[in-house]
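There are 2 protein chains.
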Amino acid sequence: MSTRNTDESRKHILIIGAGFGGLAAAKALSKRNVHVTLVDRNNYHTFQPLLYQVATGGLEPDSIAYPVRRVFRRRRNVSFRMAELQAVIPSQHKIRTSIRDMTYDYLVIATGSLPNFYSFEPVAGKLMPLKTVTDALNMRSLIMQNLESATLAEDAEEQEALINVVIVGAGPTGVELAGALAEMRRHVLPKDFPELDMTRMHIYLFEGAGRVLPAMSKTASRKAERYLKRLGVILKVNSQATGYDGATLTLADGTEVNSETVIWTAGVQADTVAGLSDVMKQGMRLPVDATLRVKGYENIYAIGDIALASEESFPDGHPMLSPVAIQQGRHAARNIWNQIRGRELHPFRYRDKGVMATIGRNRAVADLSFGKFGGTLAWFIWMFIHIWSLIGFRNKLVTFIGWAYNYFTYDRALGLIIRPYRRS
Amino acid sequence: MSTRNTDESRKHILIIGAGFGGLAAAKALSKRNVHVTLVDRNNYHTFQPLLYQVATGGLEPDSIAYPVRRVFRRRRNVSFRMAELQAVIPSQHKIRTSIRDMTYDYLVIATGSLPNFYSFEPVAGKLMPLKTVTDALNMRSLIMQNLESATLAEDAEEQEALINVVIVGAGPTGVELAGALAEMRRHVLPKDFPELDMTRMHIYLFEGAGRVLPAMSKTASRKAERYLKRLGVILKVNSQATGYDGATLTLADGTEVNSETVIWTAGVQADTVAGLSDVMKQGMRLPVDATLRVKGYENIYAIGDIALASEESFPDGHPMLSPVAIQQGRHAARNIWNQIRGRELHPFRYRDKGVMATIGRNRAVADLSFGKFGGTLAWFIWMFIHIWSLIGFRNKLVTFIGWAYNYFTYDRALGLIIRPYRRS
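Respectively, the protein sequence lines represent chains S and P. Read left to right, the first sequence gives residues -14 to 409 (my numbering). Read left to right, the second sequence gives residues -14 to 409 (my numbering).
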């Protein structure tokens, strides 16, 4: 069945998850004399930092998702399997998946994270998360559907509930979404919905911590707050959401907001891996040692959002960010190769190159190793880094054109409801 | 609620369907002192001639679909409503829709056509039609899912059933799909699925008539057959499909073909309009007089695929093609305005500018008013006409880049299974 030339002595490395971490590990290992199998439930890699652009109609999904098989076209020692992990069976060196069992010599767990709804878990079906391409398309559909419904609304209150958008959680995703929605409200929606009074659309951004972008510097937070306010986003920090019934969101201070659209970007949690319950607690990250091996296992590595690696400067684990996942992916690959060759394993050290977030059409904030700054320059840097990081020449080009188009026309091109979203 | 300035004396024209016909009628009427409401179940217009490109990963859906509201941004006398027609109630000059009733002074029915499964109606859920963006995305997902499954197949027969594709109906859609799939098989799939032997993938094209493209000239058919054979498509004319059980397709001559993917492009039928049963028979087109008014009604027009207009050179009605719909849309708009102004109505005359079909990456056939020809020149003309016809600068540009990319790299960029297709 297989046309691959197999070298019996080659070790087989199984990588679960084709996110930033898994992809980096597979690329690094593809240069070694090993056989790699990469498993993902989707046949594509998702460039998660730009999901908010798909959700707000700035980019089409095909620009930020890339088929995994295409990444490894010229790396014949890498196979891909579209399958969902069901359990790891460490005693037999194999995993159980939705399609069949697969054995490994070394396992890399890179399954990432899920939205964390905390106490909102019972109403999670009424909230819109933003972790997958499907989430982004659902959000795009819901926003457009609600605008269409608003044109038919009988009274002002009903209409406002349809067009208001609430975002819970002001991390980078929440802030970027709020900015993009505010730009849409100003430049796009009045043209497409002349029958609606868009000054009545409110965009709320609620954050439990004392400032937006709590993981960034205070300078960045202050600048981001200024940009958001200038865009007309109603920002509330130190505000805890306490309930949502599908129509009204309640805050701890008693405030009530009517909105059919509540976007949940308040947190993520590790995606539990069955079979490792001896080391992994429900919803918690998988503890790994300094070499990125899961504690207690010789040949199982974990990287990215799922992994809890402690390092002196990160006693509570690394932030759940793509640069961490990419560096850990490369590091795990290096250590696996060292282990195969009987060499010493090295501890992982995160090289923090900084964090950025964009707010609206030409503002961004950046905490970079060489300085903290904001404004239009930061936005240009943000844009070029993101275009540069997309996989594939076509995606880079199409994204660049899309953004240039949006930038010069003050428009967003895409507002299709291809699959109407039906709330669960 | 409405910011529109209303002139009570203005007539209200209701157009149902934002396909080629409805859009053309609305554009023409937007220049008159009337109020137009355009209704469609989707919030976008679909450029149907390029659906096969979406189905085979050559274009993203956002390039061939365009939000209706954007088309009419600068035409303030045109409103849009996303709604599904439920019935026409001519006696009350109103229609019933999924959202609410709407009244009209003049009604234009432009609801188009549906796939016609003929005797295959009972197994329609197992067949893949290609009339909507959703159909195209389902087809793209199914083909990619079956290829993924084929990498796991236990035996050669099972594997072939997964990768074989059968197309029933060799009109333009069937021929264009067969060509695009054959190019994929040759240039794309061997790179993405090195573990599969793509020479074992068969692409069948079955046609009940005696030649492919039966609506075109014999010259075009002969050329198209030659191009298809050169691409390795297994072509059978005069062959009637008689049954499909989800795994095996049977032909009238007893031939059996195993395939999980049966694409149905064998015919279309008018989409029945409730409330007009006095003139419309189930599955038949709506008879209109020479002025395009539905027979027996003073103020109801029908255009495009749904309308059966008889003209001397088209005694059985016009072909179900976009140029007919566009010309009828403009003509109906002109006649409605004449009717409002108390002027004489004019009979519709179809100006046939010709038909084209493309086969593979650089071959097409064209029956144009000034000549019948084929080959690469026809393909270039086909390509420029199609890019020119797309709505919106962004779509034209992105489509051009996509095609240039595919042309020079022999590749197709998109193979994402964003929503897995589950057979009903």
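Heads up, a few of these hints could be off.
Chain copies aren't distinguished; within one or between two, either way the pair holds.
In silico DSSO-like links for lysine-lysine, alpha-carbon gap of 27 Å or less [claimed, not checked]: (1) K203 x K381; (2) K357 x K280; (3) K16 x K176; (4) K79 x K266; (5) K12 x K176.
No lab work stands behind these hints: they were computed from the structure.
- prompt: For the identical chains here, do K203 and K381 meet the 27 Å Cα criterion within one copy, between copies, both, or neither?
  reply: Classified as neither: same-chain Cα gap 32 Å, cross-chain 44 Å, threshold 27 Å.
- prompt: Can you tell me if K12 and K176 fall within 27 Å by alpha carbon in one copy, between copies, both or neither?
  reply: Cα proximity of K12 and K176: across copies only (17 Å, versus 46 Å in one copy).
message: Within a copy, between copies, both or neither: which one fits K16 and K176 at a CA-CA cutoff of 27 Å?
response: Cα proximity of K16 and K176: across copies only (19 Å, versus 52 Å in one copy).
- prompt: Within a copy, between copies, both or neither: where do K79 and K266 come within 27 Å Cα-Cα?
  reply: within (21 Å within a copy, 62 Å between copies)
- prompt: Between copies, within a copy, both or neither: which fits K357 and K280 at Cα up to 27 Å?
  reply: neither (37 Å within a copy, 73 Å between copies)
The structure is inconsistent with the numbered hints 1, 2, although it conforms to all the rest.
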